[in-house]
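J.: Spelled out, the chains give:
There are 2 protein chains.
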Amino acid sequence: MTATLSSSRLSAAPRPPIPTLERPLSPAALEETLRSFSGAYYVEHPFHQLMYAGRLSPRQFQGWVANRLAYQRVVPRKDAAILSNCPDPVVRREWIQRIVDHDGTEPGTGGIELWIRLGVSLGVPREEMEDERHVLPAARLICESYVTFCRTKPWVEAVASSLTELFAPRIHQQRIEAFPKHYPWIPPEALDYFKSRLVQAPRDVRHGLAIVQRHCTTVDTQRGAFQALAFKLEMLWALIDTIHHAYAE
Amino acid sequence: MTATLSSSRLSAAPRPPIPTLERPLSPAALEETLRSFSGAYYVEHPFHQLMYAGRLSPRQFQGWVANRLAYQRVVPRKDAAILSNCPDPVVRREWIQRIVDHDGTEPGTGGIELWIRLGVSLGVPREEMEDERHVLPAARLICESYVTFCRTKPWVEAVASSLTELFAPRIHQQRIEAFPKHYPWIPPEALDYFKSRLVQAPRDVRHGLAIVQRHCTTVDTQRGAFQALAFKLEMLWALIDTIHHAYAE
Chain A
1 MTATLSSSRL SAAPRPPIPT LERPLSPAAL EETLRSFSGA YYVEHPFHQL
51 MYAGRLSPRQ FQGWVANRLA YQRVVPRKDA AILSNCPDPV VRREWIQRIV
101 DHDGTEPGTG GIELWIRLGV SLGVPREEME DERHVLPAAR LICESYVTFC
151 RTKPWVEAVA SSLTELFAPR IHQQRIEAFP KHYPWIPPEA LDYFKSRLVQ
201 APRDVRHGLA IVQRHCTTVD TQRGAFQALA FKLEMLWALI DTIHHAYAE
Chain D
1 MTATLSSSRL SAAPRPPIPT LERPLSPAAL EETLRSFSGA YYVEHPFHQL
51 MYAGRLSPRQ FQGWVANRLA YQRVVPRKDA AILSNCPDPV VRREWIQRIV
101 DHDGTEPGTG GIELWIRLGV SLGVPREEME DERHVLPAAR LICESYVTFC
151 RTKPWVEAVA SSLTELFAPR IHQQRIEAFP KHYPWIPPEA LDYFKSRLVQ
201 APRDVRHGLA IVQRHCTTVD TQRGAFQALA FKLEMLWALI DTIHHAYAE
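Line order of the protein sequences matches chains A and D. Once you know that position 78 of the first sequence is 78 in the working numbering, the rest is easy, because the numbers rise by one and skip nothing. Once you know that position 172 of the second sequence is 172 in the working numbering, the rest is easy, because the numbers rise by one and skip nothing.
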């Protein structure tokens, strides 16, 4: 009798529709195909569905916000890895803004700090956010895999992996709507991070998409871009899935 | 009869006086020891001695400036590698300024552009600077080794490798004095890059030194810092030595 593995509680990420290319896509078709991966974005994960339906407990929210800090913290490091691999100063000059957005320009500014404040407003003491005592080893390794991807892959593929930002405005908007509606215990300033990303993410995605369209003009490079976006979608899915099962009630 | 290799025209870099540590040095003694490596700085290389004695031909100057662009171009990439490996946003927020200094904030600004202008003012057409047709393969690989060092070593060692800046003000000042004195064919704007570094380098070196003093408080980490600075001194020596022999007259 053969055992099957169908009973795992860790759910497989939905596979995005990676096309079989016979010839290169036009820039417009390339964008359309990348956008068609949206169904594999982790906004559809059961944990997010619970979040938007108002069914997360404070403990689940706190587990989520403390673990997601690990992701916020790798973002400037993966962006610096892209800078380090990119030979074009024109691209670097624009890409560097992402690092500034996350690290800020002085103490108390930037996206990482805003995320820590989100954690505090959800009831995790600042000290417990900053020392990462609640971050699951699996969550840390999953986030680190994103830095490794950006450090070791061609920089244009690393740029393509950032294009999950294509799908981010929806997730930020959902949070801005769902938090006040379903969670009266969450103070309004908890939304500051998501509001800042509503401004930054569309600008970032235009730049990233233009780079991919300009550099990925062959079957091989377009396949590389699709695989890179698929990697990132799977990474984000694995992260939320890890959090989901760690704090299941 | 045994052949010896003493006849190589490529000269070995002078070895800096790396101490044998039995216990950790104080921060002040650490700085003093790092500064004592100055004799291995490439300011002492025969090519630089020819430069400051007014004995370089325009062709030698042009070979130098075209090849040294490869070094200028790896600097922001090695600094981004340090950012990518550094977990401390406070350090990153200050270190990122080095990338901005080299890449500039818009077209026509930054240290790489100033170096290209230096090349043009020394008689190398802009196109020939930018397409790197004169860059020797050895020079390119030597420069790339610096990025690899910063990408693969602990970030504090990569910071320590930047401390050749301790010795740089002397080299910049020598150029600012020697160029107008010995080379009337070189226009005054050729000095812009060196003047900009006279401002930036002391600021950079204070920051880098403070990081090394704060983080290298054990025998092992202090040895790492010494080895890192020795690596960088050797790398710079190898670069100028390659240029020297390629354009010898």
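Hint data in this document are derived by calculation from the structure and do not stem from the laboratory. Any given hint might turn out to be false.
[To be verified] Label-pair distances were calculated between CB atoms; the ranges are:
| no. | chain 1 | residue 1 | chain 2 | residue 2 | range |
| --- | --- | --- | --- | --- | --- |
| 1 | A | PRO169 | D | TRP185 | 52 to 62 angstroms |
| 2 | A | ILE18 | D | GLN97 | 35 to 45 angstroms |
| 3 | D | THR217 | A | ALA28 | 33 to 43 angstroms |
| 4 | A | ARG170 | D | ASP192 | 26 to 36 angstroms |
| 5 | D | THR109 | A | GLU144 | 29 to 39 angstroms |
| 6 | A | ALA28 | D | THR109 | 27 to 37 angstroms |
| 7 | D | PRO107 | A | GLU144 | 53 to 63 angstroms |
[To be verified] Examples of chain D residues toward chain A, derived with CB under 8 angstroms:
| no. | residue |
| --- | --- |
| 8 | ARG77 |
| 9 | ALA80 |
| 10 | ARG117 |
| 11 | VAL120 |
Glycine is no exception: its CB is placed at the ideal position from the N, C-alpha and C atoms.
J.: Which hints, by number, does the structure contradict?
T.: 3, 4, 7, 10, 11
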